[in-house]
Each structure stands twice: as structure tokens, then as C-alpha cells.
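Letter by letter, the chains look like this.
2 protein chains.
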Amino acid sequence: MPKYVYDFTEGNKDMKDLLGGKGANLAEMTRMGLPVPPGFTITTEACKAYLANGSSPDELSQQVSDYLAALEKVMGRTLGDHDDPLLVSVRSGAKFSMPGMMETVLNIGLNDVSVEGLAKVSGNERFAQDSYRRLVQMFGKTVLGLEGDLFEHAIDDLKKDRGVTQDTDLTAEDLAGLVATFKGIVKTESGAPFPQDPRIQLDMAVEAVFRSWNADRAILYRRQERIPADLGTAVNICTMVFGNYGENSGTGVAFTRDPATGAKGVYGDYLENAQGEDVVAGIRNTLSLAALEGIDKASYDQLLDIMRRLEEHYQDLCDIEFTIERGKLWMLQTRVGKRTAQAAFRIATQLVDEGVITDDEAIQRVSGDQLAQLMFPRFDSSVPRTLVAKGMNASPGAAVGKAVFDSDSAEALARTGEKVILVRRETNPDDLHGMIAAQGILTSRGGKTSHAAVVARGMGKTCVCGADSLLVDTKLRQMTCSDGRVIKEGEVISIDGTSGEVFLGDVPVAPSPVVQYFEGNLDPATGGELVAAVDRVMAVADRAARMKVRANADNGEDCARARRFGAVGVGLCRTEHMFLGDRRAMVERLILADTDEEKQGALDALLPMQRQDFVEILEAMDGLPVTIRLLDPPLHEFLPDITELSVKVALAESRNDDDRADNLRLLEAVRRLHEANPMLGLRGVRLGLVIGGLFAMQARAILEATAERVKAGGDPRPEIMVPLVGAVQELESIKEEIVHVAKEVSVATGVDLQPMVGTMIELPRAALTADLIAEAAEFFSFGTNDLTQTTWGFSRDDVEAAFFSHYLEKGIFKDSPFESLDTEGVGQMVKIAAAKGRRTRPGLKLGVCGEHGGDPASIHFFNEVGLDYVSCSPFRVPVARLEAGRSAGSGGSDTR
Amino acid sequence: MPKYVYDFTEGNKDMKDLLGGKGANLAEMTRMGLPVPPGFTITTEACKAYLANGSSPDELSQQVSDYLAALEKVMGRTLGDHDDPLLVSVRSGAKFSMPGMMETVLNIGLNDVSVEGLAKVSGNERFAQDSYRRLVQMFGKTVLGLEGDLFEHAIDDLKKDRGVTQDTDLTAEDLAGLVATFKGIVKTESGAPFPQDPRIQLDMAVEAVFRSWNADRAILYRRQERIPADLGTAVNICTMVFGNYGENSGTGVAFTRDPATGAKGVYGDYLENAQGEDVVAGIRNTLSLAALEGIDKASYDQLLDIMRRLEEHYQDLCDIEFTIERGKLWMLQTRVGKRTAQAAFRIATQLVDEGVITDDEAIQRVSGDQLAQLMFPRFDSSVPRTLVAKGMNASPGAAVGKAVFDSDSAEALARTGEKVILVRRETNPDDLHGMIAAQGILTSRGGKTSHAAVVARGMGKTCVCGADSLLVDTKLRQMTCSDGRVIKEGEVISIDGTSGEVFLGDVPVAPSPVVQYFEGNLDPATGGELVAAVDRVMAVADRAARMKVRANADNGEDCARARRFGAVGVGLCRTEHMFLGDRRAMVERLILADTDEEKQGALDALLPMQRQDFVEILEAMDGLPVTIRLLDPPLHEFLPDITELSVKVALAESRNDDDRADNLRLLEAVRRLHEANPMLGLRGVRLGLVIGGLFAMQARAILEATAERVKAGGDPRPEIMVPLVGAVQELESIKEEIVHVAKEVSVATGVDLQPMVGTMIELPRAALTADLIAEAAEFFSFGTNDLTQTTWGFSRDDVEAAFFSHYLEKGIFKDSPFESLDTEGVGQMVKIAAAKGRRTRPGLKLGVCGEHGGDPASIHFFNEVGLDYVSCSPFRVPVARLEAGRSAGSGGSDTR
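Sequence lines, in order, name chains W and Z.
Each residue of the first sequence is one higher than the one before, counting from 1 in the numbering used here.
Each residue of the second sequence is one higher than the one before, counting from 1 in the numbering used here.
Chain W extracted, bound-state conformation (with noise of 0.2 Å):
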């Protein structure tokens, strides 16, 4: 016979799959000897067989009568008895913490007769009446699903009708005609009267527990967290205790250490004469839980040695609930308790002082999320601000300067020593340099995953997206905002990019210690304890890490700063960035050329101009892999855009323009280029491909400063990247041309060039046929974004404002893809490649250099299938070390 109930005495904490989180901690504590009330468990198990088939087992009756019987005889009470009845709680628990489940209703056992033995036992007619009103208006709306309103309606009704405002104020004889009403109201509302019988109202209260599992807010969730939805939840039942019995009784929650600071020593709220839900109603001002040590000495000290034991049994922070009954302690809950980034760091390195946990163990306490949030500014909250809208956090910071209204001005004013924040509508590839200029990034449209919020995050840039109460006009150079306000261009905004919020003037910033400590300019044995904490964090993961972690980065600049933030080499340099701002007329000039002369002038005019870049981040990555990958994007994204163009050249000719010709040759040649889905166009090694001398124009530039750097005894390490490859002969065509290219310049500098060459793995043809491809790769480096793009049929610039909502709001996405890495989908095409890759060649150097290698969670998944690096924006290169070190450490599971 399956065994549906355990008592508290008999289950453990590692029961979770079968007793819920509350119930394993609670059985826990039981065998720990703590003061936990009596009671049981029904299990997972029998809330699966009531889902399975729409009622309860037929042996779980028995088991809870028998439980049941064994509580009341340790009790020495019976559940409802008419003079001295046992009450018990009824709590939902599955193994992960869920919303939208039912959780509680307390004081079962109660009814018209018993709540008169209630009262005389307590001898406080007020508190019964209040206990039995409790449990009719909890009863009827979780467990019968009445509206809540109609009971918070009543109560208003009776204080109003009483000219009393407060809850207390109401007497025994209000509450016990309350009372009434409220079974009136369930019996209107639900057709049956409220259920009289103890057991009944247990059973029912199971039961809605077991349902509630399957309630609409609970699949979304669970849907949205990827929890199976056949888990089921727990079901525990434990005997009453009231804080609310008067003075000598009081109900509390409390950390075993500040979980805001991580400082030392105990942390909590205590509320005398309450039940927990006031605590978390906050009808009124808790006590710090000091003040416990002078209202009840005995509790307070019993506690604080309780908490002790309960950390080093959990061996981390523990939250607890705990309620004081007329002078006896109850332990009612406790966790390992949620923190914040600073005190996780903090908590972590102070339990390897203590000597409770390892070096090992303190990097899974701590995780990357938390130490980006410690590498952002914020503004100081003290000082006084105002609020003008509200947007995205697409990028955490906080940013302030003058508001600017188009990039060149932007870049413009910056060069002049000012502080600029960037407004725009949205943005685009050409806005680029004003982005880079700029200290923040405001948008009126667009979601997480626009082009701003995108490229902001990789720079590592606060930005504010979609704050769609303003208007922006970048004609007149100003934002409207929702209140008639206008800001002109000049005026000084300040943006937090951790909340959305836009404020008028300049919010004064406090910089992130941690940011100044892997800069270098702060020394960890005197910048405070945060920084000394995560200082021997990142010694630990470094140490740990199995995976390197290298830098996108495309400029000497950026190189370095990669370096200062503990890159060991470029995963990305996209050449692209390089033939943006000035050199873009050339390669309009290359698009337009008519001759093959013109078009050769074109691309002897970029060669040195290349070379010099390669030169200086060859530099910057002395004695580091840097790879380099050729031109990705459309060539079209070099020209105008065509609606605007073709506008222009209607307008001209309907006036007769003097210019309207050669706007008109520039419109045709853009009509010629263009194409109806660039992402799926002529782009990457098709481009190297159809426009020939490209790809060695810049295999040239690359391999002459290498030549360079090696006759300046410098020790450069490039490595050529062919992007977009579907099929090897692709990459074989583009590998013969950089071979040919080597050996002239070998020839010409005298510098033996052997240059390695390797390939994006990005659309899924490369990843299903990596077999072959790897014969011609020397390695190959994961492009998860234009891979997520194809694995999923959509385009990151197109569906995220047209459907993500939608599909978040579903639950079809717990993330979107392009945050974190769909490991279900797109994560498959990485484990197939890289396997079949590293048949053909078994040294094969794997890496990914989408925006997935700074995610905490993909990283995770890169460890397990065995890639050798991951590469991410230098910002994120401390995130991405400690979660190397953590994935390595945990085995590769994440913990959740």
C-alpha cells in the first residue's frame, strides 16, 4: 500500500521531491529537536494520484485519519473538539517555491460549537470569534474560490456601521456577527452552507491544495520556469499555534544574518500579539527583533540558539517564521534564505572564515548575476529626484548628461568633454559612435532585445528603452514628456538602467567599488569587505575553471580594458565597426564601383587602414589568441536607407533638384542591393565570396601586422574567421585565398605567416554538417546569435517588439532566446556540432562569441558540452570567470 503521509518525525530535508520544500524543512527541524507543533505530510505522491484521476486515493483517507488520531493523541485534544479543540493549519508545499498555488488556511477545526471551547479554554471570547472568522473567510476563498472583496466588503461595511477604522477595534460580539455574515456570504456564493464538520473542512482544504497546482497562474509559471507540471505539490498540516493570544504571545520572521548587508549577526521583525498574516499585511509597525530580548528574554535566547544550530545544520543564511504562544517557542518554518549580491559575497567568504563551508562551495553561493549587479552604478537614493517616465532596464547603470538628439552630435559634444546621454526613437547600426560617446543610452521604442538595448549591454552601457510616454522628436531636438513637459536638446537628464526610471537633472552616481577594483584601482586588503570578498571569489573560480574566458572586442581600446577585467584573448573582433564613420564612403565607393579599378582603388584605399587596426589590437593582445573575423553584415547596411532615399529623389525631381541625378544613381544601385530579408541575404563569406578580393583585402591587412608585430618582437596571435559558413566548400574557396595571401606576404615580409583559420558555427547547416566542415576548421566559434535567429525562423530586430510579449506573457518563453540560450533548441545544434566536429578532429578549439557567452545560465550549458572558451563583452568578462569557475565546479548543473 503506497505510503500518502509522513509525520513530521519521520521525513528529512532531502525529501523534497516527496514532502515539498516546507515539509522536508519542517520534518527537519522535528528531528533536530526544535520546537516545531506537531503534525504531518501528505506527499507529492497522493496529490498526482488526485490530479490523475479527479479524486483522492482511496487509501489517503485512512492514512490522515490515522495521522490524525496520532496527533490528537500526542496533543491530547481532538480536532474540533467541542470543548478544547484541536486546530490545525492547512499549508501547500511543493519542491519549488510556486506562485499562484493556494498556501494557507488556518484554524481548521473550528465551528459553531467548538469556537465556544475555544473561547472558554483561552478564556478570550474575542479571540475565537476572531480565530473562527478567520477561518470561514480564508475557507471561502481559497478553498471554495469566493471572491475575496465580498469578505474585505463586510468587514468595511461593519467598521464603518461601528464608526471604528481598525480591525482591533471591532468587539466579540462584532466578530461573531461577522462570523455570520460570512457563512451567509458562503452559502449565497457557493450553494452549500460552510462545511460544520472538522474533517470535512480538512479534507475540502487538501483538496484545494492539491487543485491548485493546476491553477492558471500556476501553469504559467511553471511553464515560464520549465518546473514539470506533473511534480505535484505537498500538503502539510500542522497543529495551531497562536501568536494572537494576547501579550505574552507574538509572531516573528528572521534571518541568521542580515541577508541586505550579509553583516554578521542576527536580523528580524517581531509583532507582539499577531498571527503571521499581520506581519505580512503590516496592519501594524513591527519590532525590530532586539526588542524580543526584553519583552521575553527565555524566547529571544532560545531563538538566537536556535538560529545558530539551524546555520551550521543548513550551513548558509536561514530565514525562519517563528510564533511565540503564550511564552513557548514554535519554529513554523525555515529556509536558506534569499540575499543580495553584497551580502551573498560577503556571507560567502565569512562562512570559509568560520570554517562551515569550502573555498569550492563559497563560489556556488554566490553567482554571476549578483556580481553584475555589483558592477553597476546607482544613483544615491537619499537625494531628492524627479521622476519624467518610465521605460525598459534594458542595461543596468546608472547614467547622466546632457540630452542629445542624434549621434553625431552626440560624439560631437562628448569630444568636448561632456557628458551626453544619447535619445533616439530607436536605434541603428549608424548611430554606433554616438552610443560609444555617449554615458547612456533613452529610447522611446523597442523592448529588451532591440538594437539598443543589445549593443548597450555588450558595451557594458546603461540604457532605458521603450519609454513610450515620451515623444521624441529629433527634428525639433526635444522629448515630450506625458505631463506637457518639454526637454530640449542640452538639458541634463540622469537614466537608471536598473529601473527604467528617467529623471530630470543630474542625479548624483555613486561608482561601483567592485567595477574600481577590477580596474585596478582599488586594492582588495584595503577597499572594504565587499571587494576583499570578491577578490578571493574570482582567485577561487579562476582557479576552478575549466573553460577560458576571452573578450568580444574590436579596438585596442576595448582589448585592454578586457585584459585589466582578466580576458585571456579576443573571441570577436568584428571588422564591421571598422568601416563605419569615416571610411564608410570608401566602402560605398567599393559597393558602386563600376570598373574593376575603381573597385581595387576602393580596397587599397582600406588595406592600410585595416592593417593599422589589427596592429594596435594585436598590441593591446600581445601573447593572446585574437580572433578575427572578416565582414559579416549586408553590404546594403553601408548605404542609405531606400525609403528615405526614394523619398528624396521623388521630392527632387517633383522640384527639379540640381542634384536629382546623382541621388538617382545612388537609388538604383541601393534598389539593386536591396533585398527583402538582409539577415538571410548576401552577407558574410557569400560576400567574400561574390565580391572578389574582399576577404584578402582584409586576410592582407590582418597578416601584415602580424608581420609587423612579429618584427616588433611582439607575439601576435591571430586567428581568421570566416563567417556564415553553411557548406565547407565555402570556407575551403576563402581558406585557399588567405593561404595565398600568406605566402606573399611571407614572401614580401620575410615573416613566416601560418595563419590559422576556422569558422562561425551560426546557421544550422554548419552545425549539422560540422563533420565536414571541420576538415577544413582548424576551430570553430559558436555565433549563438544568428544561430538562434535560424534554429528559431526569427529575427532579433524584428519579433521581439511584435510578438515577445506575447510569448512571455504565454509562457511559450521563460526568457527570451537571445538573452539566454535555448538550450532545448538552439543548444542542441551546439552539442550536435560540437560532436560531430570533434570526431573529424579531435583538438578541435570550440568557443562561442554570441551574446550567450556573458549569460550566466549559458554558460552553464557551454561547460557541459565541453566548449574551450566562452567570449562576451569586456563588462561581463568577471561575470563570465565566475560562472566558468562555478559551472566547473558544480558539475555543470546550475543551481536553481
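Errors might be hidden in some of the hints.
As the list makes no split between identical chains, a pair holds if one copy fits it or if it spans any two.
[As the list claims (entries may be wrong)] No farther apart than 20 Å at their CA atoms in a straight line, the calculated lysine to any residue pairs in the SDA-like style are these:
#	residue 1	residue 2
1	K831	L772
2	K810	S381
3	K836	E824
4	K141	D167
5	K16	D316
6	K810	L772
Rather than coming from a laboratory, the hints here were simulated on the basis of the structure.
Put chain Z on the given structure of chain W with help from the hints.
For chain Z alone, coordinates are given in the frame of chain W:
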């Protein structure tokens, strides 16, 4: 010791891997006792060894010496003997015939001395000198790689000098002089004299054949045909026999049946006193083979007997090359011969009737491509016509009609009973009604995978595209040819989709009897031998096939045709075609709706029309399954082009036009919906999830139509297909909606509706997570067009023009992957998805509804991976039926 040489007496026809095709067949004929000049074959292994080491394997020289000695003993002459020289030919012979390889050197063994011996023995000085001249010329050109023109110009100069026009007019002295000239050319150009040692001639020729395996054209061809690069070629060394010995000598080619028509009886050409190369060069007119009977009856009778024996032996049409030397017949080559489509069908059934092959073998002797050729009408080539342009042969057939330059006019004119040719620069989905109305489509832009080409092929409609010498002016309603001729709207033109030619005026067309047969208008019993043969072959194919064939059809008419052509269901009914034309306005209303009421109004207006569409389709396909795909394309396809509209608005504003506000509102909507990459945007299931009610309306229309058909006594079998699913959650969401609608419609109509719901597999993610998707999907249909786009990361609309031609040239593609399934990449997706889907749901019905469903090679692949059916355009259904039968019969592998 490896055996590198095989005498013709040692091999047989099944040794093609080792001896090449030519060598294996020479050996086979030798084994059959046919008069083959003695000789031997150097194996492909020797070639491989040569290519690996850069020189012939040590053992080869001795083995050649041994076999040559044996040959000399048999012939009683030695190679290059001064008095009576043995001469040999050296010919390449790989497993597959391959353009670009060195083919033949004749007369090896002649030198300055042996040429005199040959003159004496033959009593023909001119013959001897001519033979020597040919050797030096061929050796120079093919072995030494000299420019062929050098020799040709020398001949031309000599003829000019002698005042003659024919080679045959040159005397023995002239030819002796030419030999000297040629030897001079060889020495000057190659730096070494023409080798006089016959063995050196032989060895150099053999190594030249080896090296020609890696000639550029050969490599390119292998890359395109996916022939492994490491097969190597064999070399055949064969005693020379001379058809140019005099009047009782000659040479010819022959077929055992007429390869053009398939008529019984031998067929061939004969040329007296000539060598094989003269036949090919076409210097003199050949005689028909029959004439040989009068010239040399003994040889003729012997030849006919041999041909009968060969056909019996090879059990198929054979072609042969033969030479008669002074009255003695020699067989120089045989192989299974190429034939026309018509001949293939006739010969296959003839051979069955003759008891040579079985029915199952007969269907392997024809192909779907051949059947397709027979189904297209052709222009009567005997009628004179005026060619005005040439484009790409995008969709075969012959069409005549009045040139019309827009689709509305085309439709209007066609409605009056006129035949029209739709002429456009390029087409887009809005031209669909015009394309349907037209006899054929002519475009001046776009290649074989442009919209016009793909849609026309889908409809089985004649199309010439990319005729870029035509200047199409849709405003003036005319096109200008390269010679300045202007063709105005209404003038009759004729387009040949098989050749890409465009003619002026009405060129007479011969309808295809095979189509008339499939349409049921021609009785196979009385329709002639071809129709009878097709009828018999189709019956065998249908019996043999494991896979079913359905059609892609969007209306009742197409469904009816598909049924006549043998489709057993509809695999893809595209509902987007139902939203064009008049209904477009309603879709625009739906998109631009400001309120839910407006949106619902548009949906309510569309519902009855959709229902009627489905009633007609389900009626036409009564009793057969009909897979209906819910709306797939991005909404903005139903809106005006953003650039055109922007220009219109800008001009209207500059002129202060009255309607500028309306257009501006429209433009704002268009901008809002504009996507940078619509192919990767808001389409398919995403649309269904975002535009609430749209898919429910379509499901309602389908289910109401089903109920209506059931009530009318019909047997409707709809299958509802959700497009562009990437995650099972998407499908689950829509399925819930459909099930809900089904319940409502069941209640309302009293017909119990349990709709079958499945999905397209057209995204890599869907393929990789097919195991999860199969939990919700009752069937899969592979959308291989989109799957090709996303697997390769290029869109059909964009890349074809931009780089497919480069890729075909560079041998990266053999065929466009949109034409024939890329089995190496996209095919893996199909395979993975099929296996994963069936793991979850063993009986899962699998089909394909992309363009590839009608492509022969792809059909064989689909059979191999276990699909249940293919679906293609109605016109391709017979082709698919044939290939489905062939693929089952051949165990899934196509013959190369």
C-alpha cells in the same frame, strides 16, 4: 604486389570501380567473344597511387612491359617497330564519364622511322603521314597541354598556301611537312622535342591521363555532381585499328534501337574511310547504318548480330562504336545508351513485352524528369518563327497569347476568352491572379528561383524569366527588344519555357498527348504506343509505391485536376491565397482595426467566404484527406509597399493633396508593421497567437464547412495544420483554441467534430524538438522550402539573384537547394525530425509539402527516411507517382 594492369580478357562489366566504365565494357565484350582489338587497362588504383605520390608506382612500369609484351606476341608486331609497327590508342575511362578529362591519344608508336614502315606495310604513304600528324597534334595538345590553335593554324596556313580547303586535299608530302611543322611547335612550346621512343610516348600519355583527373573542369564537375575526388581514372591501351585504311574501311556509331523515338530496329551512322574523330568532327556527311549493308554485307550482318547479342546481354538499349579495317569489323566501345524521354518509355515496355525485363525493372528505365518532359507542350519546330529574346527556361512548356503588362488586365482580358502572356519585370504574390489567368509568364528580371519561376513551376505553367534584353515598361504597357523593336500590349507573343526563347506572333503548339491521357481525354488503348507505355508504367509504379502522392491545391478546381492526375489527397491547402483579390480590403480592415469590434467585424465578414472555400475543396476531395494550413504570411504582405507609399505621402504633402491624411494614417500602420526581415518576422503561428481570433475564425470556417459536407452526405476529411511552429507550446496554445471551436461547432451543428491537428516542420528548432512537438501534433508535414531557408540562412527571394550563380560556378551547389533537397544538410533535419517524432508517437503521419515533393531526387530521399506521402502541385502528381514507385522499387537509392 598490387596488380595494376588487367588484360581485356581478365575483366568484366562489373569491375567499373577498378577498370572504369570503358575498360569494364571492353573486357565484357572480349569475354563475350566479340571482335575487340586486343589491349589492356591500367587500373584506377594506379592512378590513385600516382596522384598520391606524384609519380607512377614502381610496379606499374614492369607490369605495363609484361602486358605490352603479351600484346605484341598476340599481334605478332612490336610497338613502334620500324617495319610493321604495332600502334596503340590511350584513352581515359573513369567510373563516371566526366567532362574536362583528357580523352584520347591515337597512333602511339609512330615516329620518324616507324611512319615509313607503316607507309610500306599499308602501301599508303599519305595514310601513314596523316596518322603521324594526328599523333603529334594530339600528343602536343592533350599530353603536353599546348594550345590546340597552334596546330590548327598551321594546318590552315598550309591549306591556304596550297590553295585547298579540305584536309583531304593535302598530299602525303604536305602532311609530311606538317609533321615537321608540328614537331617544331612541340619543341618550341614545350622546350623538348617530340619523343621518338614509343614507350616514352605511351608512358607520358598514361601519366597525362592520370593528371587530367585533377584538371579544373574535372574537379568542378565532380564537385557539382558530388563524385568523390578519390576515385581516380583507369587508362585503356588498345591496339589501333584504322577505319581510314582505304575504301574497304570505315567507322561508325550505332544504337540497338532508335534513341530518339524508341522505335525498334537498329539505328546509326557510318562513314567510309574515316577515323572516329572524323565522325565527331562532322567533316563529311555520314551515311545511315543501313547503307553499310550495300557496302559490306558481311560486316553489316556481323554487326547486327553483335548488336542483338549486346542488347540481350545488357538487357537494354546499347550504343556502340565500331571500325571496319579492310573488311574486318572491330568493336571499340559499348555502353547502355542515352535516349529521349519518349524512347525511354517505349523501350521499357518493349523490353517487358520481349520478356527481357520485368515490370519492376521497367520503371527503373524511365524517370520522373522524362515523364515531366513528355507532359509539356512544345512548339512545332518545323514552322518558321522570329526570335526576339532569350531568357531562362524557368518552367517548361509552350505558351502563346497577347502580351499584357499587369495582372488585373491579364485577368480581365482572359475573362473575355483571350489567351494572354503576363509580362512583368518581376512578379510578386499580388500577381497571382494574373499568373493564374495567363497562359504563360515572361519576366525580364530574376532567375530560376525567382517568384515567377517558382510559382509558375508550381502551377505547371510555362515561364521564361530573366530575359534581360527586354526593357519592360509597365507604364507605357510595352517592352522594347534589344534590336529596338517595340512590342505593345495586345500583340501576340509565344514563349518556350523549355528553351527560354521568346518569339513574335503565334507559333503553333502541339499539345502533349501524355497530359491528354492524364486528363482522361485520351484512351491508352488507342492513343498510340507512347501513351500506352506511360499508362503501363504508371500502373506498375502505383502498385510498387510505398509512399502516397498528394497535391498542393488551394481551390476546388485544382483539387479536381489533382484527383484526375492521381493524387490521393491534398497535402497543402494554402489559405493565404484566399485572402487576396477582393478580400484583401477586409484583411486591411483587420490589420488597421482600432477596436476589438472593428477587428471582429472584419473576421465576421471573412468567415462565410472562408467557409465556402472549404466546402468546395472538401467536396472536390470527398473521401480523401485535405491538409489545410492556417494563415502563414506576414500581415504586411497585405499592405502597400512602404517605399512606394512613403514617396506618395511625401509628394502629397509637398502638394498639399486632399487625401494626404488618409495616406499618412495608412503609412503609419505600414511603418508599425514593417519588418526588416519579414521572412523571420510575425508570421504563421506567431500571427495566430498575436492576432486573437484569426486562427479561430479559420478553424471555425473549416469545421462549419466539414459539418455542412457531412450533412450533405459527404465524407470530408480535413486536417488542420499550424504553420511555423518552433516550440510545442505554440502548437498547444492554438490546438486548445481549435478544440474549443470544434466543441462549439459540434454543438451548433449537431455533427460530432474531432479535428485532426498537426503542424508544419519548417524550422530547425521544430525538427530538433520534434519529440516534444509530436506530443501535441497528430501529423507532421515538412515545409522544406522554409526549412531550406532557415537551415542555410538564406531566403529564396534574396539570394538567388545575388549569389546562386557564383555558387553554381564555384561548384558549391550542384543544384539550387530550393529545387532539389539538400540531403546532406536539410535532409538531416527531416531525418532527425521523422525519427524523433515517431519515437514519441509511433504512428505519426509524415508528409512533405514543399516544392521538393515533386522533385525526383528528393522523392527518393523522402522514401528512404520513411515519409508516408509527398505532396506537390497537381501537374507534378504523375511525376511524383512514378518516382514514388521507382523509389520503392530501387530500395530508395536513385540511379546516377
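* **Intra- versus inter-subunit Cα pairing at 20 Å for K16 with D316** => This pair counts as within: shortest intra-copy Cα distance 18 Å, inter-copy 75 Å.
* Up to 20 Å between alpha-carbons, please classify K141 paired with D167: within, between, both or neither. => within (19 Å within a copy, 110 Å between copies)
* Intra/inter-copy verdict for K836 and E824 if alpha-carbon distance must be at most 20 Å -> The answer is both: 18 Å in one copy and 14 Å across copies each meet 20 Å.
* At most 20 Å between C-alpha atoms: does K810 with S381 qualify within a copy, between copies, both, or neither? -> Result: close neither inside a copy nor across copies, 35 Å intra and 63 Å inter.
* Asked: When no copy is named, should K831 and L772 be tagged within, between, both, or neither for a Cα gap of at most 20 Å?
  -> both (16 Å within a copy, 18 Å between copies)
* Status of L772 relative to K810 across identical chains (alpha carbons, at most 20 Å) -> Between copies only: 18 Å across chains, 40 Å inside a chain, cut-off 20 Å.
When the structure is compared with the earlier hints, a violation turns up for hint 2 alone.
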